[in-house]
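Novice: My request is simple: use the sequences and hints to build the entire structure.
Residue 15 is where the sequence shown starts when you use the numbering used here, and the numbers rise one by one after that.
Keep in mind that the hints were calculated from the coordinates and are not lab data.
A few of these clues could be false.
Stated by the list, open to error - Cut-off 25 Å, straight-line C-alpha distance, at most; resulting in silico cross-link-like pairs (DSS-like, lysine-lysine):
(1) 57 - 282
(2) 324 - 57
(3) 119 - 179
(4) 296 - 255
(5) 98 - 179
(6) 42 - 296
(7) 296 - 98
(8) 282 - 99
(9) 57 - 119
(10) 179 - 99
(11) 255 - 282
(12) 324 - 49
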Amino acid sequence: MSRILLLLLTALLLGACQEEPKAEPRRKAPLEVGKEVLATAEKTTVEAGPELSGSLEPRERAELRSELSGSVRDVRVDVGEQVKKHQLLVRIETSDLGEAYASAKAAVTAAERNRRLAQRDLERTRRLLTAGAVPSRDLDAAENALKSAESQVESARSRRATAAKQLDRTTVRSPIDGTVSARPAHEGDVVSPGSPLVTVIDPSSLRLRASVPSDALPDIDVGTPVRFRVRGHPHETYDGKIQRIAPTVNPVTRQLDILATLPNPNGKLLSGLYAEGRVASKERQAVVVPASAVIREGAGESALRVVEGKVERVQIETGVRDGQRVEVDTGLEPGDRVLIGPARDIAPGRRIRVTDR
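Specialist: Shown next, in the form of structure tokens:
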């Protein structure tokens, strides 16, 4: 009996010393993500012409300056206001010019009166000469007096025109239809010849002043289209045409300057905006993804591809950037789904589930 009890106790002790079986590790639940963090690689046409960068400027710009010394009076416009051609913008007050014009005007009146008197005197002398009442030398004198009076009239009118022209310089008018972009002049300012008063631009038609690499010269010509984006509207593409090409290359930067014209009927584009794009001289078919799908680490590039709900990192090589899209030369195929934006922080190997949130 005691032997049986001993065997039972031994068995119990051995069973207690055995390790409990390990529980199977729990599988991590898929990470739920919105469909907006996924993009699909697609094959499409991309611009492959030379890159360009530059700034927008108005095609027509009038920087109006004072032509004389005086005080600013009667400022009629402010920045942002639309103006018409010949519209009065600013008046400069100067008493000397007003007095000079009044004097010249009075001189014309006096000279014309003297001419009328000389004309009547000549007619009277002719009648008297016919009647034999005066000698012929009196007729010569009357004719000379009329010629002198007529000369004085012409001289007075010339002085009046000069004074009027000077007086007209006291009124500053817009030479174009446009918008006031700057108005440094203020009421009461004392100005001298050359002082800036008002700047008017025509925003309905802009031009892009840009530069391209000098080795792109074979790909550009007057009339070649350009496509670009601006900092203020990064998701919109704008078109223009090359109007002028600089005759020389910048010896320091090895860049070639170009001017491209573009319409701006709704005034959405503003002068001074920075622009980046390409000369649309070449196109090719390529696989593209959003630029926000590319991960740059040192000299390498990669993307996070989603295959059957699992995230995997793939090395890629990119080509041209066409706006917000990037050409992918190797690593991705049309139809591949990739993570974009902040979703690029998801660790490779993680499983995800796309929701409609």
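Novice: Now look at each hint and say whether the structure bears it out.
Specialist: Hint check:
1. 57 - 282: This hinted pair is violated, its Cα atoms lying about 31 Å apart.
2. 324 - 57: Holds, at about 23 Å.
3. 119 - 179: Holds, at roughly 13 Å.
4. 296 - 255: OK: residue 296 and residue 255 at ~15 Å, within 25 Å.
5. 98 - 179: 22 Å, holds
6. 42 - 296: Given that 25 Å is the threshold and the Cα spacing comes to 49 Å, the pair is violated.
7. 296 - 98: 42 Å, violated
8. 282 - 99: OK: residue 282 and residue 99 at ~22 Å, within 25 Å.
9. 57 - 119: Answer violated: residue 57 to residue 119 is near 79 Å, above 25 Å.
10. 179 - 99: 19 Å, holds
11. 255 - 282: 18 Å, holds
12. 324 - 49: It holds: about 15 Å lies between the C-alpha atoms, which stays within 25 Å.
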